[in-house]
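2 protein chains.
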Amino acid sequence: MTQPADRPALSHLISDPMPCSAHCPMARLCMEGGLSRQRTVRLRKGQSLYLLGDPVVALYAIRVGTVKTHVTTGDGRTQVVGFHFPGDMVGLDSVALPRYASYATALEDTKLCLIPVALVSAATKATPVLGNELFLALDQQAQRARALQTMLALMTAEERLVTFLLWIADGFAARGFSSSEFILRMSREEIGSYIGLTLETVSRQFSRLDDSGLIRVRHRRVELLDKPALRAIAGRPTICAAGAMP
Amino acid sequence: MTQPADRPALSHLISDPMPCSAHCPMARLCMEGGLSRQRTVRLRKGQSLYLLGDPVVALYAIRVGTVKTHVTTGDGRTQVVGFHFPGDMVGLDSVALPRYASYATALEDTKLCLIPVALVSAATKATPVLGNELFLALDQQAQRARALQTMLALMTAEERLVTFLLWIADGFAARGFSSSEFILRMSREEIGSYIGLTLETVSRQFSRLDDSGLIRVRHRRVELLDKPALRAIAGRPTICAAGAMP
DNA sequence: CGAAAGGTTGACAATGCTCAACAACTGTGG
DNA sequence: CCACAGTTGTTGAGCATTGTCAACCTTTCG
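Line order of the protein sequences matches chains A and B.
Residue numbers for the first sequence follow my numbering, beginning at 1 and rising by one.
Residue numbers for the second sequence follow my numbering, beginning at 1001 and rising by one.
Keep in mind the hints are simulated off the structure, nothing from the lab.
Each residue gets a CB set at the ideal place from its N, CA and C atoms; glycine is no exception.
Be aware that a few hints might be false.
Said to hold, decoys possible - Restraint-style ranges between C-beta atoms, simulated for each label pair:
1) R44(A) with R1218(B): 55 to 61 Å
2) A1122(B) with L199(A): 49 to 55 Å
3) P1098(B) with H219(A): 41 to 47 Å
4) V1217(B) with L51(A): 39 to 45 Å
5) S1178(B) with G176(A): 52 to 58 Å
6) A1174(B) with G76(A): 28 to 34 Å
7) R1231(B) with D210(A): 26 to 32 Å
8) P228(A) with D1226(B): 50 to 56 Å
9) P1098(B) with V117(A): 25 to 31 Å
10) G87(A) with R1218(B): 50 to 56 Å
11) A1174(B) with L199(A): 48 to 54 Å
12) V56(A) with L1097(B): 24 to 30 Å
13) R1039(B) with A118(A): 48 to 54 Å
Generate coordinates for the entire structure from the input sequences, incorporating the hints supplied.
Encoded structure:
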């Protein structure tokens, strides 16, 4: 379990301004908002982007890498509240607040775009469309939260893991990567925390799915062999429409 | 279980325009946005305000009564995703979408303010502060969703029910009502659906808490006898700050 | 008043958790 | 390149909490 211990001196991680690449998810905000040059943040595996309670100074867009957001309970356990992949925004859930409501930690070496909140405010004021953009993004997060709520409330261990894998797969598909073969960037414990199971149960369900031939697992490499069958298992619950990966 | 069956003809439920009362939660939006006269919607117990998939035509602010929002799973079960009390906004989660993402059903006779989305858009354009207002409200919903996620992922049945009761109590306290004695407007089944338990488990946990003297329950009337002890039970999990009732 | 809905309680089964041992992988330094 | 330590993942046995099924009771409402 990676504790949100080591907070890097942010200034050391920020490289010189550089132009936004065309495929940056925030390109639209950057361009239209006159934020044509952004700062990049680099995190190494295990480093924190921000801590719960930190003043909200920026929004981040992931360029490469994976980030988890998490909170801690009174008795010390960690609860993962989200996984974030290239193209996702991080820090959005706290954008209207003075302080971050979670920790954000890199699961692997990660590069992010830093967008100061001041610039976001200015840009949205100048270009109302952008406000709408953020509004939509926030709304999408709410959608994801609802889907997760339904999963946690009424799915079995198997259904949860299959649903999780399909979310991951759909997310990768939307980003143009293989959706039937991928490497998980998070541990069994982190998966379990996210979907409300212990790491042992997650491991056992992986093995069971492997035994039944629906997937092929070796450690963190996963191959989905029979997606229709998997969708049948996960597909019972709510109308999760074309929602992206929570 | 109240199925989202009977959709009333909305036009029959709308009364004549009337001035916003001073304590209306949306007073600020109404006034500043030039929406000084609103329409009121009346729902009887069990009637639906909107159905999942309906085009989003309005936001609603509850004046009196209680509303649940819910979705249905592929295999027919119902999942309650939220309870909403006087002062709460309903429909907000879908405001950026073309169609509602859940059902909204009255748990008792309920009066609501109807705010057409067109007016909301116009008002926010004219008065950017209002956009911020909505932004904050949406963000608050996200907070609530996160708290619920943590509850569902790592709390026991007892902890869940106690947490739920304290949420209700805090919500009533914030509205100036008694926070130690109240009547639940929802059934055991609806509570269970919301906090991820069966109705039998909810009932048993109520009885256990009653036996141990922490609360007094008779059907839907609940009295919290030892709030410190209750908070100790619920208090383990996440930093749930001063968040309102989910 | 009677029917229907909602709530309680019991017995039993089962899913998932705990504890524990072991195996496989990662990465670090010799 | 190998050996080691540390981390991560797997698997087993037993147990506890919660779900299931069922009977019965209470309240509500027509």
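Against the structure, the hints:
no.: 1; hint: R44(A) with R1218(B): 55 to 61 Å; result: holds (58 Å)
no.: 2; hint: A1122(B) with L199(A): 49 to 55 Å; result: holds (51 Å)
no.: 3; hint: P1098(B) with H219(A): 41 to 47 Å; result: holds (43 Å)
no.: 4; hint: V1217(B) with L51(A): 39 to 45 Å; result: holds (41 Å)
no.: 5; hint: S1178(B) with G176(A): 52 to 58 Å; result: holds (56 Å)
no.: 6; hint: A1174(B) with G76(A): 28 to 34 Å; result: holds (30 Å)
no.: 7; hint: R1231(B) with D210(A): 26 to 32 Å; result: violated (44 Å)
no.: 8; hint: P228(A) with D1226(B): 50 to 56 Å; result: holds (53 Å)
no.: 9; hint: P1098(B) with V117(A): 25 to 31 Å; result: holds (29 Å)
no.: 10; hint: G87(A) with R1218(B): 50 to 56 Å; result: holds (53 Å)
no.: 11; hint: A1174(B) with L199(A): 48 to 54 Å; result: violated (39 Å)
no.: 12; hint: V56(A) with L1097(B): 24 to 30 Å; result: holds (26 Å)
no.: 13; hint: R1039(B) with A118(A): 48 to 54 Å; result: violated (39 Å)
Hint compliance for this structure: hints 7, 11 and 13 are not met, and every other hint is.
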